[in-house]
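I would like the entire structure built from these sequences, with the hints used as guidance.
Below, each chain spelled out in residue letters.
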Amino acid sequence: MDEIQKKLNAPSKASREDVIGRIISYTCIAVIIALVVSILYFITSRGIATFTTNHVSLWQFLTGKQWNPGTLSANGQPQVGALPMIVTSFSVTILAALVATPFAIAVALFMTDIAPKTGAKFLQPVIELLVGIPSVVYGFIGLTVVVPFIRHLFGGTGSGILAGTIVLFVMVLPTISSLAVDALRAVPTYFRSASLALGATRFQTIYKVLLRAAMPRLLTAVIFGMARAFGEALAVQMVIGNAVLMPHNLVTPTSTLTSQLTTNIGNTIMGTLPNNALWSLALILLLMSLVFNLLIRYIGKRGEIKS
Amino acid sequence: MTPNQTDRIATQLINFLVLIVVLILLFLLGDIIFSGFPHVSWHFLTSPSSSFSAGGGIRDQLFNSLYLLVLTLLISFPLALGSAIYLSEYAGNNWRTGLIRTAIEVLSSLPSVVVGLFGYLLFVISFHIGFSILSGAIALTFFNLPLLVRSIEGSLHAVPDSQREAGIALGLSNWRTIRGIILPAALPGILTGIILSAGRVFGEAAALIYTAGQSAPILNYADWNPTDGSSFLNPMRPAETLAVHIWKVNTEGVTPDAVSVSAGASAVLIIVILIFNFGARAIGNHLYKKMTGGK
Amino acid sequence: MEAYDLNQTHIIIPPEEIALSTKQLQVYYGHNQQPSMTNASLSFPRFQITALIGASGSGKSTYLRALNRMNDRIARVDGEIRYRGTNINSPKVNVYEVRKHIGMVFQKPNPFAKSISENITFALKAAGITNRQELSNRVETSLKEAALWDEVKDSLNKSALSLSGGQQQRLCIARAIAMKPDILLLDEPASALDPISTTKLEVTLKELTKKYTIIIVTHNMEQASRISTYTAFFHLGHVLEYDQTEKIFQTPEIQATHDYVTGNFG
Ligand SMILES: Nc1ncnc2c1ncn2[C@@H]1O[C@H](COP(=O)(O)OP(=O)(O)OP(=O)(O)O)[C@@H](O)[C@H]1O
Ligand SMILES: [Mg+2]
Chain A
0 MDEIQKKLNA PSKASREDVI GRIISYTCIA VIIALVVSIL YFITSRGIAT
50 FTTNHVSLWQ FLTGKQWNPG TLSANGQPQV GALPMIVTSF SVTILAALVA
100 TPFAIAVALF MTDIAPKTGA KFLQPVIELL VGIPSVVYGF IGLTVVVPFI
150 RHLFGGTGSG ILAGTIVLFV MVLPTISSLA VDALRAVPTY FRSASLALGA
200 TRFQTIYKVL LRAAMPRLLT AVIFGMARAF GEALAVQMVI GNAVLMPHNL
250 VTPTSTLTSQ LTTNIGNTIM GTLPNNALWS LALILLLMSL VFNLLIRYIG
300 KRGEIKS
Chain B
0 MTPNQTDRIA TQLINFLVLI VVLILLFLLG DIIFSGFPHV SWHFLTSPSS
50 SFSAGGGIRD QLFNSLYLLV LTLLISFPLA LGSAIYLSEY AGNNWRTGLI
100 RTAIEVLSSL PSVVVGLFGY LLFVISFHIG FSILSGAIAL TFFNLPLLVR
150 SIEGSLHAVP DSQREAGIAL GLSNWRTIRG IILPAALPGI LTGIILSAGR
200 VFGEAAALIY TAGQSAPILN YADWNPTDGS SFLNPMRPAE TLAVHIWKVN
250 TEGVTPDAVS VSAGASAVLI IVILIFNFGA RAIGNHLYKK MTGGK
Chain C
0 MEAYDLNQTH IIIPPEEIAL STKQLQVYYG HNQQPSMTNA SLSFPRFQIT
50 ALIGASGSGK STYLRALNRM NDRIARVDGE IRYRGTNINS PKVNVYEVRK
100 HIGMVFQKPN PFAKSISENI TFALKAAGIT NRQELSNRVE TSLKEAALWD
150 EVKDSLNKSA LSLSGGQQQR LCIARAIAMK PDILLLDEPA SALDPISTTK
200 LEVTLKELTK KYTIIIVTHN MEQASRISTY TAFFHLGHVL EYDQTEKIFQ
250 TPEIQATHDY VTGNFG
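Chains as they are written, first to last, in numbering that gives the first Met the number 0: chain A, 0 to 306; chain B, 0 to 294; chain C, 0 to 265.
Since the hints were derived computationally from the structure, they do not count as laboratory data. Possibly wrong hints are sitting among the right ones.
As the list claims (entries may be wrong) - From the derived model, a few chain C residues whose C-beta atoms are all more than 12 Å from chain A:
(1) G78
(2) N86
(3) V97
(4) D181
(5) V202
(6) L235
Unchecked claim - Here are some chain A residues pointing at chain C (derived, C-beta under 8 Å):
(7) N8
(8) T262
(9) N263
(10) G265
To be verified - Here are the simulated BS3-like cross-link-like pairs (lysine-lysine), alpha carbons at most 30 Å apart as the crow flies:
(11) K210(C) to K12(A)
(12) K207(A) to K113(C)
(13) K91(C) to K12(A)
(14) K6(A) to K152(C)
(15) K91(C) to K288(B)
(16) K152(C) to K5(A)
(17) K6(A) to K91(C)
(18) K288(B) to K210(C)
(19) K124(C) to K289(B)
(20) K113(C) to K289(B)
(21) K288(B) to K116(A)
(22) K124(C) to K5(A)
(23) K6(A) to K124(C)
(24) K124(C) to K12(A)
(25) K12(A) to K246(C)
(26) K209(C) to K288(B)
(27) K6(A) to K157(C)
(28) K152(C) to K289(B)
(29) K22(C) to K5(A)
(30) K143(C) to K288(B)
(31) K152(C) to K288(B)
Just so you know, these numbers come straight off a predicted model, no measurement behind them. C-beta: ideal position from N, C-alpha, C; glycine also.
In structure tokens:
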């Protein structure tokens with residue numbers, strides 16, 4: 000065998016390099032997978048302790064209105080009714096999304112179809128800037144501007160679902176807007192030109208063609224915004240009032256899942272019912288983020304098939 | 000109403016809504032700037048905070064935020080890079096890759112408070128590390144990883160396949176091609192992604208209040224030994240960051256000048272993030288021009 | 000379709016003159032059941048230019064890329080590729096070594112986003128050449144061989160991406176021959192070039208046959224007849240005819256070849 004033949008049949012530095020490369024990158028991805036699995040595992044195992052160790056019934060947990068895990072009720076049952084927080088969390092999320100969506104779609108239409116040049120020049124940076132503002136700053140402004148304003152209008156403390164909604168509305172607006180822009184940009188231009196060529200006005204084109212074609216992705220955008228609102232902790236915690244009461248109107252103090260968690264997890268002792276109950280709230284948050292995730296995937300898939 | 004009238008009204012409605020959004024932003028910025036800037040002074044930036052009396056500064060919080068950011072990037076960047084390389088260069092188009100992508104998506108959709116609580120459970124409670132910069136940095140890594148992976152993968156993906164073929168056709172190993180050719184070509188995008196993620200990390204508080212903690216012990220900036228308890232470099236000490244500070248003085252209600260401290264701190268936070276955002280774009284463009292030999 | 004194994008009947012190359020040969024080479028892309036290249040058996044003579052011609056989609060690139068295992072990641076390749084007494088299509092063979100000896104230049108110029116000299120030295124350094132003098136010698140000789148030296152000798156540190164398309168392609172050739180391969184595979188290297196650059200490239204290739212065996216895919220019939228000694232005609236994933244270039248262009252055996260080279264195709 001000559002020199003070249005030998006080289007052809009033996010491993011070289013390059014072969015070893017490739018093994019090293021594979022090991023490195025496979026290890027990194029394995030770490031991330033392990034991380035995700037352990038987050039899911041730890042939160043779940045902590046979160047179900049309320050039901051397995053403390054024998055609270057799931058039904059009672061989800062529908063009870065009294066949250067006072069440290070004390071027993073008259074009939075000797077622990078008071079761990081999470082309904083007020085569940086209701087408040089959903090209320091602020093849905094209301095914020097409802098308010099933000101028309102604004103976001105208007106912003107997106109402005110940027111894609113009405114004045115793309117101005118949109119790119121002024122609105123794009125505006126949106127990016129809004130995305131970059133940290134949530135504590137939103138919370139702080141909510142606390143110093145929104146809450147006093149509501150107090151002035153409606154009396155009371157000013158904290159509550161309305162204040163939470165306003166803060167979350169501003170927070171999810173840029174998220175939904177930028178995704179909505181992507182959704183509208185994904186609609187092929189010939190959809191527009193075809194419709195306009197048929198004599199439709201711009202509004203008819205937007206309403207009948209654009210929004211319809213972009214509907215699945217617009218929905219996804221809104222759900223993304225809702226997921227962000229549902230999981231937001233500090234900004235909401237600063238303006239919601241943090242009283243675990245069933246919300247009777249929009250301007251009385253109440254509590255979301257996240258605000259209850261952030262306020263109290265440090266004040267309870269590991270392994271006790273008050274602590275376990277809080278982990279159950281975290282579990283609800285985790286499950287909801289999975290639900291939002293599934294919804295986005297489901298709608299995304301259906302949207303794909305259609306177009 | 001004729002279609003043309005509807006068209007006009009609809010357009011005006013859209014313009015009106017857009018105007019409101021712009022006004023909201025102007026108001027936010029104006030509020031931060033006008034209520035914040037008067038409180039930002041050299042004294043404010045360089046003196047320690049005080050909980051119970053007015054006149055506290057943000058020196059330690061600002062340093063903690065920066066230190067935590069550096070540590071977070073040191074941990075999350077290599078991991079994210081390796082994972083992004085796996086996804087863009089090695090992963091096949093099969094169910095396993097689908098599963099991995101789903102896992103990363105799940106991680107990115109978890110609320111940061113849940114990620115923070117997991118860090119609390121694991122590091123503070125189980126491993127007895129306590130509230131520390133290290134715990135905080137790891138929690139922020141969890142929070143930062145999915146976005147960083149996605150942005151790096153995007154940058155790697157944007158490098159044309161012909162570059163990979165060019166490398167491989169010269170007898171280079173895949174790894175050498177990735178390291179020596181693909182990564183440098185993707186560098187502008189990767190850097191931009193890192194800096195943008197730095198902005199997010201810098202402003203994050205929910206993942207930190209139960210990992211890095213809410214107290215800022217007195218730091219000795221002359222002590223460069225990271226193993227000393229009071230050294231500013233000690234990664235095992237609790238460390239309240241700027242964002243956490245804003246949250247804390249507002250919720251605890253014991254600091255008399257909470258509002259002006261938070262306003263000043265918010266202004267500083269926003270300025271740093273703005274610098275990151277503009278810096279990201281500037282550096283990205285500069286590198287890109289340099290590499291392509293453009294003018 | 001019957002595999003038309005002409006190299007055994009028409010072209011008689013003494014075994015010691017064969018630089019590379021394939022036997023019954025089949026290529027399946029992805030999970031395809033149908034091969035995109037069927038039973039290709041060809042032998043390539045040393046220090047000659049062999050042209051591969053045929054319509055778009057006939058499998059020329061598929062075949063060429065199989066020769067230095069560039070299809071490994073995207074396709075399954077059956078059959079034998081014989082190089083220096085070794086079947087280099089075996090999974091046990093070190094593909095990196097294969098590619099060092101069988102270089103490749105692609106249809107679209109693909110210089111690295113590095114300086115002109117780094118484009119050439121990068122793979123050399125990876126192959127263990129560290130001597131600065133040796134490196135700069137190789138840069139100079141390979142650029143001269145690729146007929147690019149005079150144009151870039153004063154700007155070796157400029158980004159390769161600032162070169163023109165034709166210059167970039169010659170840089171890619173320089174980069175490939177700096178590795179001192181035995182065989183050079185070129186996939187339509189002139190398709191992105193203007194007539195002047197093309198002529199320069201052809202002159203370069205002719206020059207290169209002093210040291211290298213060249214296999215080139217081309218759509219340009221004149222180019223094939225100008226520069227190649229042998230020509231293989233590809234049709235729908237088969238090699239229909241393989242012969243001396245003159246015979247292919249003047250008295251082909253097969254009607255399809257005749258139609259293709261005279262432009263009556265399709
Ligand atoms: N990566 C791939 N995956 C699947 N099929 C492929 C791939 N590359 C090529 N093919 C198929 O293989 C067949 C031959 O393609 P090939 O690129 O080899 O043709 P060609 O002769 O080089 O054409 P051209 O002159 O256009 O370059 C075609 O039918 C093509 O669709
Ligand atoms: Mg081809």
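Hints violated by the structure (numbers, ascending): 2, 3, 4, 8, 9, 10, 12, 14, 15, 16, 18, 25, 26 and 27
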